Each structure stands twice: as structure tokens, then as C-alpha cells.
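Please work from the sequences and hints to get the whole structure.
Mapped onto our numbering, the consecutive letters of the first sequence carry residue numbers 7 to 283.
Hints should not be assumed to be uniformly reliable.
[Claimed, not checked] Here are the computed lysine to any residue pairs in the SDA-like style, where the Cα-Cα straight-line distance is at most 20 angstroms:
| # | residue 1 | residue 2 |
| --- | --- | --- |
| 1 | K163 | P148 |
| 2 | K136 | D172 |
| 3 | K163 | R174 |
| 4 | K48 | A63 |
| 5 | K163 | G142 |
| 6 | K50 | R28 |
| 7 | K50 | G74 |
| 8 | K157 | G142 |
[Claimed, not checked] Here are the computed distance ranges between Cβ atoms for each label pair:
| # | residue 1 | residue 2 | range |
| --- | --- | --- | --- |
| 9 | M82 | S223 | 17 to 27 angstroms |
| 10 | E129 | I268 | 42 to 52 angstroms |
| 11 | P99 | L198 | 36 to 46 angstroms |
| 12 | A279 | L146 | 24 to 34 angstroms |
Hints are computed from structural coordinates only; laboratory data are not their basis. What you are looking at is a predicted structure, and each value in this text was computed from that prediction instead of being measured. Every residue gets a Cβ at the ideal spot worked out from N, C-alpha and C, and that includes glycine.
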Amino acid sequence: MPELPEVETVARGLQARLQGKRLLSFTLNRRDLRKPVPPGLKNKLEGRRVEAVSRRAKYILVHLDDGGVLIAHLGMSGRLVFSDPQHPRPAEPHDHAVFGFEGGVELRLNDARRFGLLDYATESNLAAHKLFRHLGPEPLGPEFDGDLLSKLLKGKKTPIKAALLDQRVVAGLGNIYVSEALYGAGISPRRLAGTVKGERAGRLASAIRDVLTRAISAGGSSLRDYVQASGELGYFQHHWAVYGKEGEPCPDCDCRPGIKRIVQAGRSTFYCAKRQR
DNA sequence: ACGAGAACCTGTTTGC
DNA sequence: TGCAAACAGGTTCTCG
7 MPELPEVETV
17 ARGLQARLQG
27 KRLLSFTLNR
37 RDLRKPVPPG
47 LKNKLEGRRV
57 EAVSRRAKYI
67 LVHLDDGGVL
77 IAHLGMSGRL
87 VFSDPQHPRP
97 AEPHDHAVFG
107 FEGGVELRLN
117 DARRFGLLDY
127 ATESNLAAHK
137 LFRHLGPEPL
147 GPEFDGDLLS
157 KLLKGKKTPI
167 KAALLDQRVV
177 AGLGNIYVSE
187 ALYGAGISPR
197 RLAGTVKGER
207 AGRLASAIRD
217 VLTRAISAGG
227 SSLRDYVQAS
237 GELGYFQHHW
247 AVYGKEGEPC
257 PDCDCRPGIK
267 RIVQAGRSTF
277 YCAKRQR
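In C-alpha cells form, the structure reads like this:
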């Protein structure tokens, strides 16, 4: 489920709850996630204190007090669920890993489809790590603008929809927010990526930043209650302009038959054919 | 070299 | 109602 805004929200929630806490135990119930959980992870984690939690692309980074970094990715179905003495939760199917902290606080990684992963790196090698080496820029980073986006897209003959899903081009966008950003910028998802430049690229960069920023705000405001209610991190309600709205009227023009759904590179795309060119 | 498509998994929704 | 097919927010490998 999680794209950049959800992962950012989860990382902030973890930061608030775990910073300064010592990790006492790590239990792995199954090793075969998207890729095997590295052997020896338990020894690298137990006894360490959490210094900070951050995000890169759709990866959660837990920075430890010895320079180690726990890397977590939630794939499509991954969730992080807290359980503690005040709000205990029963163990559930697909709880693949359990992190035990001081004070009886447990954080559980639950992931039915097992497209998520756990990995480990050191602070000094982080940027060169296999998972991060090829990632494009952060769309909310200070250098991300129309000029940079034009350069990233230059010469690409794939549809802009597919290009924006490619983490080597921009890091953190997923299927929902690509549709939303293209709608916001008034750009057809079928347009060839290489033709998005100049003023059009500027509009797209702005729309990407806008859509992500608003989603993070929505997540941040709903996170507190949601965590208290259920102990889960990572799911919250959004209102989307086009995603999942096939057949509904475009919010901006009352065109018929409204929002269209097409399949590109095996994934659903939603857009308004009148507004997006 | 590049882009489209399949593959990896399980759970839920849709359609006959 | 029951069953099978389609579909799901990600990433990575293979094939043409």
C-alpha cells in the first residue's frame, strides 16, 4: 500500500515513539520476505538504541547508536503494528518480525504478500547500498524542479506514467500519486516522457510536490488518533481526484464519460482525457 | 540499450 | 450462494 507519503508518515510515527528507546529483542518468524532477511541481523540489532528514524524513497531507515541502520520496506501489504502493556494486541498471521523495546513496547512487521523486506547497512555505506545506489532524487528535496525533471526524462520514449513509476527517475512515487500528479499538471499519462519539458515539466514538478505534501499533511493529522485506536501505522484515508474513480465525473470539468481507467505496464492509470493532454 | 511484460505472494472484490 | 477470475498502493528479472 505505501507510497512516499505513507512511508513518511510511518517514519515520523516511529520516530516519535521509538527515539531513544533500546531494542531488547528481535524475533524473526520467517526469513523469506522479498529477499531473505540477512543472517546475523538479530546480533546487530539487540542492545542498540534508536537514534532517529527517517525515510529514503519508500524505505524506512532506523538509525542505531552504533552507526548501524535497519532498513525496512513495506511492499504492497506491509504494516507496522505497535503492541504495549496499555494497548496489547494479539499476534496475527503474517507477523513476520517482532521488535521488542524497553517498557514492553513491541513493534511487529505484518506483511501478507511478503513483497516487503528487512535489511541492514551502516551509516557510512548507506548511499552506496545496493537498494539506494540507483535511486533518483527525492521529489520533496530542495533541488527537485522542472529543470531537473526535464533532464531526468530527456530522451525517454516510455509513457510519462511509466517513467514516473521508475524509482531511478524519481524516488518514492507510486501508482496512486503518479495518476494524481499527472491530473494536477494536466498531462496525459500516455504522453511520451521525453516530451515533458519546459513549462510543462515545471507544472509536473509542482504538481508532484503539491500532491505529496498534501497527502503527508493528511496523514500527519490522522495518524495520532489512528495509532491510539488500533496500534497500526501506515493506513489512513485520502481523498483522491482520479485514482479509483473510473466513470465518475472529473472534478474540474463535467466531461463525459468522466474519469477513464487504462492499463499501462500492467497497472491501472486513471485520468481525464479532456483535461490531460 | 530500452521498454513491455511476467514474476514474486496472499487476500479481497467482482462477475458469472 | 458458490466459485473462479480479476485485482491490489512495489520491485526486479527476462525477453524481444
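Hint check:
1. K163 x P148: Violated, at roughly 27 angstroms.
2. K136 x D172: Distance of about 16 angstroms is within 20 angstroms: holds.
3. K163 x R174: 15 angstroms, holds
4. K48 x A63: Not OK: K48 and A63 at ~25 angstroms, beyond 20 angstroms, violated.
5. K163 x G142: 18 angstroms, holds
6. K50 x R28: 13 angstroms, holds
7. K50 x G74: 8 angstroms, holds
8. K157 x G142: 12 angstroms, holds
9. M82 x S223: 17 to 27 angstroms: 24 angstroms, holds
10. E129 x I268: 42 to 52 angstroms: 43 angstroms, holds
11. P99 x L198: 36 to 46 angstroms: 44 angstroms, holds
12. A279 x L146: 24 to 34 angstroms: Because 29 angstroms falls inside the window, the suggested range holds.
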